[in-house]
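Number of protein chains: 2
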Amino acid sequence: MRFELKILGANSAIPTHNRYPSSQILSYHNTSYLIDCGEGTQMQMTTYKVKRSKINQIFISHLHGDHIFGLPGLITSFSLQGRVEDLSVYGPIGIKRYLNTIMEVSESHLTYTLYIHEIVPDANKKIFEDDQLIVYSFPLQHRIATSGYRFVEKRSKVNLDPKAIAANNLSGSQIKELREGGKVLSYNGSPLIINDIALPPKPQRSYAYCSDTVYDESIIENVKGSNFLYHEATYLHDMVSQARERMHSTAREAAQIATLSGVNNLIIGHYSSRYKDLQPLLDEAQSIFPNTALAIEGKSFEILHDN
Amino acid sequence: MRFELKILGANSAIPTHNRYPSSQILSYHNTSYLIDCGEGTQMQMTTYKVKRSKINQIFISHLHGDHIFGLPGLITSFSLQGRVEDLSVYGPIGIKRYLNTIMEVSESHLTYTLYIHEIVPDANKKIFEDDQLIVYSFPLQHRIATSGYRFVEKRSKVNLDPKAIAANNLSGSQIKELREGGKVLSYNGSPLIINDIALPPKPQRSYAYCSDTVYDESIIENVKGSNFLYHEATYLHDMVSQARERMHSTAREAAQIATLSGVNNLIIGHYSSRYKDLQPLLDEAQSIFPNTALAIEGKSFEILHDN
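Going line by line, the protein sequences match chains A and B.
When we follow this note's numbering, the leftmost residue of the first sequence carries the number 776, and every step to the right adds one.
When we follow this note's numbering, the leftmost residue of the second sequence carries the number 776, and every step to the right adds one.
In isolation and in its complexed conformation, chain A is listed as follows:
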């Protein structure tokens, strides 16, 4: 199944240098999950041809404006476009009051059912599950209650081995029989069960999102082994004291967390508006963790078993 991340916005608070505030689309097969929703997210969806109808869940990290000010517009536009499918929004306590107040004062009436799930990011815990993914929330240390998220694909029950199927000359109905727990006879008459034509299960791919956060090694346990880690890198490390004060991270610190977590790839973002050129942030992170990429509006990252 195709598992892909697309960046819609990767700047910090003030939109500038044609960069938008935080927003990402994580797609798995034919479903999309929206992560954060800064101002202009719905415009970015149009620019980057994101199919809004595939979004049924939205995960909000925290209630700072650059992560939520696009939510009212998206939610009401869904309604103006005649949406009927339920929509769920997950986020820290206060998000219900935020959205309900806006819906009330703007006298907005939705054509669909909006569920707002308030979470307390106090521990690593499962907050959502569907046929494809499990989503975990875990605490981040920022100036306001903030949740990291980890999206883990569910293990497919059987990883069929094409070579074993060919060697035993099995038909589709025989494979179905084996899948359902039955037995069939092989070409030489010996009985086969499902494990005889299955490879070890593929590892579960996963993506972890950490924004916003100060440097915090308690993150490691919650993201370890992820194929991709997005970790904020608001500043270069020469501004580490400002980073600490504002409870943000530097590019070097993001790379340190990636190294200590044993992830395969790091994506950095949430850049301070002071950086027009992002190359120094990339250089700083890559000097510690070479598999680092910049989050750039419109850029996609395919999450593969071997990356």
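Please keep in mind that the hints were generated in silico from the structure rather than gathered at the bench.
In this text, all values refer to a predicted model and were calculated from it rather than measured experimentally.
Pairs involving identical chains hold if they fit within one copy or between any two copies, as the list cannot separate such chains.
Okay, derived cross-link-like pairs now, BS3-like style, lysine-lysine, Cα gap no bigger than 30 Å in a straight line:
id, residue 1, residue 2
1, Lys829, Lys901
2, Lys781, Lys999
3, Lys826, Lys781
4, Lys977, Lys826
5, Lys1051, Lys1074
6, Lys829, Lys1051
7, Lys1074, Lys824
8, Lys1051, Lys824
9, Lys1051, Lys781
10, Lys900, Lys829
11, Lys901, Lys871
12, Lys781, Lys977
13, Lys951, Lys977
Keeping the supplied structure of chain A fixed, place chain B upon it in accordance with the hints.
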């Protein structure tokens, strides 16, 4: 004094076709007044090089999302940029709860003082005045409490006549003396007062903003004689029944209000997303009121004494 309108957004509810929701900058000399603030307004200000520091007043017509969802981002970005000057926002009742709730849940602390003035648009009344302009609010008929606004320049006290000054060979200090109510002697010894070197006062230029509204002839009295009238034209007239139902206007209706009001120029906007091509809306309005222009993002209109 230069008096100019710049369009930042002119689409109705759903941003589409590269069009943004409602927002305009009215500039008089070196002050700017923001009218409505749909999502993305702060990005449009960057795109069209609007100097944010010149904005001290914001006028909101009504609390539908496409007129207010850019306000939280703009207000907090002002603060992140270190603004210290007071900022005033005028809008219908509910705007205080809207902004205060958002500031509370996002734990935003502003570096400047924000005054929120709630108005009841029940009559034509003066709501603001500075050295340059007087702003009047008047009621519009829409699905929610809505205010039209009229911006009228203050009459400059003296319209000096360069020819009379030259003919009398007056110095700067003599003109100052006359301005202050004194007398000076002319080149031939006769006494002069200020009226001897002044032309009749120039007419006061004005701009009226009417969005959103159903066709309503009570508007005429409130906007008559304006140099420019912005009147919403969400639909073509073949959709007049939908316009009535949603309490919007058609291009033909906007042109009728312009004709009956004796304004010099009409600007139409707030286009339904169904219209990719806006020419038919312009054609329909111009067939009744030739001096009609389309509001287009980035376009400016200079308000002159003779237009």
